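Given next are the chains, with one letter for each unit.
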Amino acid sequence: MSASAVFILDVKGKPLISRNYKGDVAMSEIEHFMPLLMQREEEGALAPLLSHGRVHFLWIKHSNLYLVATTLKNANASLVYSFLYKTVEVFSEYFKELEEESIRDNFVIVYELLDELMDFGFPQTTDSKILQEYITQQGNKLETGKSRVPPTVTNAVSWRSEGIKYKKNEVFIDVIESVNLLVNANGSVLLSEIVGTIKLKVFLSGMPELRLGLNDRVLFELTGLSGSKNKSVELEDVKFHQCVRLSRFDNDRTISFIPPDGDFELMSYRLSTQVKPLIWIESVIEKFSHSRVEIMVKAKGQFKKQSVANSVEISVPVPSDADSPRFKTSVGSAKYMPEKNIVIWSIKSFPGGKEYLMRAHFGLPSVEKEEEEGRPPIGVKFEIPYFTVSGIQVRYMKIIEKSGYQALPWVRYITQSGDYQLRTS
Amino acid sequence: MSAAPAYSEDKGSSAGPGEPEYGHDPASGGIFSSDYKRHDDLKEMLDSNKDSLKLEAMKRIVAMIARGKNASDLFPAVVKNVACKNIEVKKLVYVYLVRYAEEQQDLALLSISTFQRGLKDPNQLIRASALRVLSSIRVPIIVPIMMLAIKEAASDMSPYVRKTAAHAIPKLYSLDSDQKDQLIEVIEKLLADKTTLVAGSVVMAFEEVCPERIDLIHKNYRKLCNLLIDVEEWGQVVIISMLTRYARTQFLSPTQNESLLEENPEKAFYGSEEDETKGPGSEEAAATTLPARKPYVMDPDHRLLLRNTKPLLQSRSAAVVMAVAQLYFHLAPKAEVGVIAKALVRLLRSHSEVQYVVLQNVATMSIKRRGMFEPYLKSFYIRSTDPTQIKVLKLEVLTNLANETNIPTVLREFQTYIRSVDKEFVAATIQAIGRCATSIGRVRDTCLNGLVQLLSNRDELVVAESVVVIKKLLQMQPAQHGEIIKHLAKLTDNIQVPMARASILWLIGEYCEHVPKIAPDVLRKMAKSFTAEEDIVKLQVINLAAKLYLTNSKQTKLLTQYVLSLAKYDQNYDIRDRARFTRQLIVPSEQGGALSRHAKKLFLAPKPAPVLESSFKDRDHFQLGSLSHLLNAKATGYQELPDWPEEAPDPSVRNVEVPEWTKCSNREKRKEKEKPFYSDSEGESGPTESADSEPESESESDSKSSSESGSGQSSSESDDEGPDEDEEKGRSSESEQSEEEGEKRKMKKRKKAPEGAGEGPSSDEGSDSSSSSSESEMSSETEEEQVEPASWRKKTPPSGRSVPAAKEVSLLDLEDFTPPSVQPVSPPMVVSTSLAADLEGLTLTDSPLVPSLLSPVSGVRRQELLHRVAGEGLAVDYTFSRQPFSGDPHMVSVHIHFSNNSESPIKGLHVGTPKLPAGISIQEFPEIESLAPGESATAVMGINFCDSTQAANFQLCTQTRQFYVSIQPPVGELMAPVFMSENEFKKEQGLQAGR
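Taken in order, these protein sequences are the chains called A and B.
Numbering-wise, UniProt numbering puts 228 at position 228 of the first sequence, and it's gapless, one number per residue.
Numbering-wise, UniProt numbering puts 146 at position 146 of the second sequence, and it's gapless, one number per residue.
Think of the hints as simulated: they come from the structure by calculation, not from any bench.
A hint or two may mislead.
Unchecked claim - Listing some non-contacts, in silico: residues in chain B with all C-beta distances to chain A over 10 Å:
| hint | residue |
| --- | --- |
| 1 | Leu-107 |
| 2 | His-167 |
| 3 | Ser-177 |
| 4 | Tyr-296 |
| 5 | Met-322 |
| 6 | Arg-370 |
| 7 | Pro-608 |
What the hints assert, rightly or not - Once the Cα atoms are required to be at most 27 Å apart in a straight line, the calculated DSSO-like pairs of lysine-lysine come out as:
| hint | chain 1 | residue 1 | chain 2 | residue 2 |
| --- | --- | --- | --- | --- |
| 8 | B | Lys-486 | B | Lys-554 |
| 9 | A | Lys-300 | A | Lys-328 |
| 10 | A | Lys-61 | A | Lys-129 |
| 11 | A | Lys-231 | B | Lys-342 |
| 12 | A | Lys-12 | B | Lys-342 |
| 13 | A | Lys-276 | A | Lys-300 |
| 14 | A | Lys-86 | B | Lys-59 |
| 15 | A | Lys-14 | B | Lys-151 |
| 16 | B | Lys-528 | B | Lys-554 |
| 17 | A | Lys-129 | A | Lys-14 |
| 18 | A | Lys-304 | A | Lys-381 |
| 19 | B | Lys-59 | A | Lys-96 |
| 20 | A | Lys-129 | A | Lys-167 |
| 21 | B | Lys-378 | B | Lys-342 |
| 22 | A | Lys-129 | B | Lys-59 |
| 23 | A | Lys-287 | B | Lys-423 |
| 24 | A | Lys-300 | A | Lys-335 |
| 25 | A | Lys-199 | A | Lys-231 |
| 26 | A | Lys-86 | B | Lys-342 |
| 27 | A | Lys-199 | A | Lys-129 |
| 28 | A | Lys-276 | B | Lys-342 |
| 29 | A | Lys-231 | A | Lys-304 |
| 30 | B | Lys-59 | A | Lys-14 |
| 31 | B | Lys-50 | A | Lys-340 |
| 32 | A | Lys-398 | A | Lys-167 |
| 33 | B | Lys-378 | A | Lys-300 |
| 34 | B | Lys-151 | B | Lys-180 |
| 35 | B | Lys-378 | A | Lys-276 |
| 36 | A | Lys-231 | A | Lys-12 |
| 37 | A | Lys-199 | B | Lys-342 |
| 38 | A | Lys-381 | A | Lys-276 |
| 39 | A | Lys-61 | B | Lys-423 |
| 40 | B | Lys-69 | A | Lys-61 |
These figures come from a predicted structure and were not determined experimentally.
Note that the Cβ used here is the ideal one computed from N, Cα and C, for glycine as well.
With the sequences and hints as input, model every part of the structure.
As structure tokens, then:
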């Protein structure tokens with residue numbers, strides 16, 4: 001169905017570790033991978049799918065590693081990519097960072113994990129929480145687990161094992177919204193959307209049943225709560241962790257679930273409702289050929305006065321041959337990054353409603369280079385705590401467990417920049 | 001600890017990889033000695049009796065394997081430890097074995113017995129891993145052992161072990177494909193499994209081993225649909241793609257009658273948008289409006305699949321979303337496909353590899369169903385941070401989506417892209433503009449103007465690409481664009497990109513009459529630089545020369561001859577060939593006049609404008625989401641997605657026996673007169689119930705064993721979980737009607753039970769227990785149980801009681817139930833019909849039963865005994881007449897119908913020496929002396945099946961030939977009918993229930 005073998009290669013293409021699942025592809029085939037990759041890269045036709053003869057390589061790159069799955073057959077490509085990313089996820093949970101070093105230090109575990117993740121080319125147990133139950137770092141917990149049935153067998157909740165205990169039962173809810181924005185050179189908004197995720201950190205004993213209430217408009221309409229005093233949000237295209245009962249959500253928009261232990265992403269959603277760009281940038285880039293470039297950037301915080309945007313970074317493109325930078329900023333500091341051909345203007349805290357200015361001056365060489373340069377966009381990074389741009393709110397979090405303990409939910413809201421670009425003329 | 005120094009030593013050597021190897025002269029055997037030494041301490045550790053040492057050694061060995069080093073010489077030492085009690089060591093030994101067993105087959109066999117023991121271990125984890133390793137050892141010799149192990153594991157109590165068994169199936173198949181038939185049996189069995197854990201794995205095995213055996217899916221189809229949402233993500237993907245294929249073979253195309261929509265894409269567009277904005281509510285709306293518009297009625301099972309996969313669009317796994325998307329694209333009616341667009345657009349936020357796959361698929365879909373993605377146009381806008389391959393794909397999608405209304409926006413966006421640094425992307429953008437211009441006539445001039453402006457771009461690549469595109473555009477309407485051609489002609493001085501030069505030359509040649517003055521001049525220049533040109537340019541120069549010679553020979557005759565003679569001595573043979581060919585054509589010579597007279601027609605024929613179309617145009621014949629689609633070529637093992645069938649195959653194959661059984665109610669039966677059993681609305685709720693059925697055989701054995709053993713109990717308990725869940729789920733969709741039904745069902749049960757208890761005290765006990773259990777649960781199995789005892793009882797009495805000479809009513813034949821023949825013989829006739837009618841609801845056939853209820857014996861279905869082809873013209877059918885055989889009450893009478901389809905008479909028909917299983921006996925029919933052509937005859941024979949369903953095999957002999965035939969009786973045909981009044985029946989029923 002999918003992969004014949006999985007390889008992890010270092011940055012030079014040398015196999016660090018490999019696992020042959022089916023034996024229908026010679027393990028030496030991987031030697032063709034790197035040359036092929038280089039060749040395609042030179043041609044500029046790099047694709048996540050390379051073929052050498054009958055063998056197809058589906059690969060992803062993670063930090064300085066290549067994860068490659070080979071297949072002969074008509075595999076399901078998206079399944080293979082999902083699997084490779086899942087592998088990265090599992091390894092990262094085991095070793096914090098997945099990189100060459102951590103693989104070298106943990107050959108045995110990696111090999112065991114690869115064994116467990118996939119059987120004969122078909123993904124098996126890929127839930128890292130479950131894997132951690134029987135493939136342990138030190139390999140000493142297993143005595144206790146000998147007689148225990150793997151939790152997957154109980155089947156009802158494969159993502160949570162029984163008998164978890166905490167002294168203090170708490171749930172931390174993080175509502176994180178990132179704003180994607182694309183603005184035309186003449187200032188019209190081409191695309192503005194909010195991608196939100198709700199992340200949970202769960203420290204709860206037993207098998208708790210959780211219900212999350214949001215100010216979901218559809219729900220409000222269903223229950224007749226859509227009064228004027230209740231502000232509601234229309235969630236568009238919601239995606240849930242496997243623990244959420246999709247059928248219930250479909251029926252009555254209830255988000256109910258038995259959570260996995262620890263960190264996980266409960267749901268994500270997307271809103272394409274137009275919102276005012278949170279940080280608005282106006283820029284004038286004047287290029288006087290053969291002599292200088294003058295840049296004037298005006299940034300305006302278009303959010304509530306009470307809120308403050310933290311660690312704002314505005315990156316402004318400059319020509320690659322610019323030199324002798326000079327800056328003047330009304331607040332924050334500016335820094336020229338010649339290796340990226342940008343100026344980064346960073347502002348520690350940026351209260352709503354304020355407007356700041358930066359001027360930059362660069363010299364240009366008198367000899368101009370042949371090629372015309374493109375005009376990369378201005379990028380903005382920021383983070384606004386205690387604020388959601390969509391207005392989404394957690395109305396309640398109900399925690400029900402057999403033993404009837406009291407548990408506290410904590411909620412935190414953050415809005416941050418996603419892919420936030422403003423094109424320059 | 002002694003291990004510590006050894007370990008650190010090893011670490012030292014691995015820190016400087018290969019040091020010892022290089023240090024020694026390979027010829028001196030140094031490698032071996034050092035290697036030997038190094039492995040020696042490992043061996044020692046493995047031989048020690050401390051688990052910790054063993055573990056340490058195994059860890060180091062596995063690390064060696066992982067690094068790709070050869071550790072095969074340790075095999076004997078490692079294999080010994082396979083029986084180690086420490087599970088951690090065991091696990092690593094397993095890992096080692098899987099890696100090296102193939103190389104060291106003889107030694108590997110030593111470990112087999114350990115695995116066989118492991119397969120019997122009380123711990124399911126160990127059973128599973130023993131099976132997993134056993135099946136991973138690719139040694140042909142152990143195939144029979146593997147087969148046995150798989151078969152056993154397939155009926156293991158633990159779903160985890162069954163799942164492992166499912167995984168082992170393709171492994172064994174790849175090792176020895178001769179086992180296919182046996183494996184299919186196992187797959188069939190596992191397909192019937194109701195746990196979500198197994199479902200994904202067994203479908204995977206099915207896809208690997210026997211994807212062509214679509215018939216195995218029928219009975220499990222509804223169950224799979226219902227389980228789908230609870231299966232883990234990988235299993236979901238596999239099941240969905242299998243179901244896609246299945247649905248394509250079993251259902252009718254939902255789009256076949258939508259030609260109206262086809263003509264009007266606008267409509268589809270609005271339809272889809274509506275769908276998205278209105279959300280869940282709109283589905284019903286769509287469902288209600290659709291049937292009104294067209295006569296096509298979707299099979300309820302088809303609907304079930306679509307409905308059950310829809311929530312999965314919200315899955316976190318990109319693979320699942322993609323799988324559902326392709327399912328909808330391939331199976332859903334046009335109006336409903338729209339729902340996937342939003343989910344796909346969301347995947348664009350995912351990793352770039354996933355984006356790559358998704359965009360490829362979106363590109364294909366957007367050609368067919370443009371309206372679907374139009375609302376999301378802006379989501380495909382290109383970010384400067386996107387990798388090139390993503391940019392190009394997004395461009396493709398944007399181009400596909402461009403239409404009259406949104407073209408200004410799209411073009412403005414393209415303008416931005418042209419300024420990008422990424423040259424390849426710019427080139428692709430220009431191509432895209434060209435495509436927009438061809439497809440949308442209104443903006444053609446705008447595009448052309450824009451492209452002409454690009455001609456003055458500083459970047460040569462941009463200019464070259466523009467020229468190529470302009471050439472294609474001009475070809476569509478050459479007349480008005482003399483100016484542009486002139487402008488292009490000027491470019492020949494500067495532009496160096498061969499493709500662009502060739503394009504310009506071709507344009508000038510083609511439209512030389514529009515630029516009569518410039519064309520010869522261009523040729524002059526090109527003649528000058530001819531030798532330095534690239535091959536494609538040279539070819540176009542020859543082309544241009546030839547065309548000018550034909551139209552303007554006065555000015556260009558000499559030039560042409562010059563070019564041709566240059567070409568004659570070119571290094572490239574193509575160019576030499578072309579020159580020779582052209583010369584013969586255009587220059588009139590003495591002998592070859594025939595063709596040259598038509599030279600003008602040949603060269604200056606009006607040429608059709610090229611169609612600029614997407615490279616994704618025909619990709620949709622590959623199943624979306626498959627690797628083959630991604631490659632745009634067939635990958636090994638790709639299975640063509642079958643076309644929709646013209647006529648729907650029989651939908652009843654998906655009906656599963658037992659649930660129908662429970663459904664029978666008087667009301668239902670009455671309804672049957674007006675409509676088929678499965679009305680549309682019922683079908684919706686039907687499948688959810690029927691999914692929990694089991695194959696007949698299993699439930700039979702279940703019912704028999706349930707009273708015997710505790711183990712049987714527990715297994716049936718676990719099985720019950722499934723249906724309960726399903727019922728819960730189904731409940732929401734079921735209306736009050738179904739509750740009513742349930743009530744009827746209960747009543748029905750009470751009615752049925754005593755029928756068994758009635759006259760047979762022998763079975764009282766068994767039926768007692770079963771009926772009492774049936775009170776507590778409404779599981780379908782118990783229904784079966786109740787029926788079963790009835791059959792036992794009926795079979796036992798005949799010795800004591802003479803069988804009434806009345807007709808029989810087959811009560812329990814599940815498979816071949818045919819309406820009973822009712823002949824007005826016995827006094828309680830009325831009751832019997834009502835009884836028959838009562839039970840009639842039990843049948844599975846869709847056919848309206850009531851009309852045939854009163855039909856005579858001839859209405860009973862004939863079974864084929866001998867096909868006329870096999871019988872050389874003699875066709876033989878048989879029916880169970882359901883009358884006692886006159887000769888012997890133990891025998892079942894069978895009517896044999898002979899018909900002669902051959903040219904000559906068949907003589908001397910009789911039964912030859914029967915080869916019968918113990919206990920079965922046959923009363924032969926009298927010999928038929930002769931059967932003339934076209935004639936038919938009927939004979940009656942008696943068979944004592946000895947109350948078993950074993951087949952009676954015998955020979956049919958004619959004078960010349962012998963045919964081996966066999967008759968296998970369905971259970972229902974083995975019973976003698978009993979008649980009683982309704983009151984009697986109820987009374988007996990009451991007794992049976994034990995109350």
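Comparing the hints with the structure gives:
1. Leu-107: Non-interface label stands for B:Leu-107: nearest chain A Cβ at 19 Å, farther than 10 Å.
2. His-167: The assertion about B:His-167 is violated, with a minimum of 5 Å to chain A.
3. Ser-177: 13 Å, holds
4. Tyr-296: 26 Å, holds
5. Met-322: B:Met-322 is in fact no farther than 10 Å from some Cβ atom of chain A, at 4 Å.
6. Arg-370: At about 20 Å from chain A, B:Arg-370 clears the 10 Å cut-off, so the statement holds.
7. Pro-608: Since the minimum Cβ distance to chain A is about 30 Å, B:Pro-608 lies beyond 10 Å and the statement holds.
8. B:Lys-486 x B:Lys-554: It holds: about 21 Å lies between the C-alpha atoms, which stays within 27 Å.
9. A:Lys-300 x A:Lys-328: 17 Å, holds
10. A:Lys-61 x A:Lys-129: Distance ~24 Å between A:Lys-61 and A:Lys-129 Cα, so the pair holds.
11. A:Lys-231 x B:Lys-342: 25 Å, holds
12. A:Lys-12 x B:Lys-342: Status violated; Cα separation ~39 Å.
13. A:Lys-276 x A:Lys-300: Roughly 11 Å separates the two Cα atoms, so the pair holds.
14. A:Lys-86 x B:Lys-59: 25 Å, holds
15. A:Lys-14 x B:Lys-151: 42 Å, violated
16. B:Lys-528 x B:Lys-554: Satisfied, since the Cα-Cα distance of roughly 19 Å is no more than 27 Å.
17. A:Lys-129 x A:Lys-14: Violated, because 30 Å separates the two Cα atoms, which is more than 27 Å.
18. A:Lys-304 x A:Lys-381: 18 Å, holds
19. B:Lys-59 x A:Lys-96: 22 Å, holds
20. A:Lys-129 x A:Lys-167: Satisfied, since the Cα-Cα distance of roughly 20 Å is no more than 27 Å.
21. B:Lys-378 x B:Lys-342: Distance of about 12 Å is within 27 Å: holds.
22. A:Lys-129 x B:Lys-59: Holds - the C-alpha atoms of B:Lys-59 and A:Lys-129 are around 23 Å apart, at most 27 Å.
23. A:Lys-287 x B:Lys-423: 23 Å, holds
24. A:Lys-300 x A:Lys-335: 20 Å, holds
25. A:Lys-199 x A:Lys-231: Within the cut-off at roughly 22 Å; holds.
26. A:Lys-86 x B:Lys-342: OK: A:Lys-86 and B:Lys-342 at ~23 Å, within 27 Å.
27. A:Lys-199 x A:Lys-129: 16 Å, holds
28. A:Lys-276 x B:Lys-342: 23 Å, holds
29. A:Lys-231 x A:Lys-304: 17 Å, holds
30. B:Lys-59 x A:Lys-14: This hinted pair holds, its Cα atoms lying about 22 Å apart.
31. B:Lys-50 x A:Lys-340: Distance ~59 Å between B:Lys-50 and A:Lys-340 Cα, so the pair is violated.
32. A:Lys-398 x A:Lys-167: Given pair A:Lys-398, A:Lys-167 holds - Cα atoms ~19 Å apart, limit 27 Å.
33. B:Lys-378 x A:Lys-300: 25 Å, holds
34. B:Lys-151 x B:Lys-180: The given pair, whose Cα atoms are some 13 Å apart, holds under the 27 Å limit.
35. B:Lys-378 x A:Lys-276: OK: B:Lys-378 and A:Lys-276 at ~17 Å, within 27 Å.
36. A:Lys-231 x A:Lys-12: 55 Å, violated
37. A:Lys-199 x B:Lys-342: 22 Å, holds
38. A:Lys-381 x A:Lys-276: Holds, at roughly 16 Å.
39. A:Lys-61 x B:Lys-423: 24 Å, holds
40. B:Lys-69 x A:Lys-61: Given pair B:Lys-69, A:Lys-61 holds - Cα atoms ~25 Å apart, limit 27 Å.
Going down the numbered hints, you'll see the structure goes against 2, 5, 12, 15, 17, 31, 36, while the others check out.
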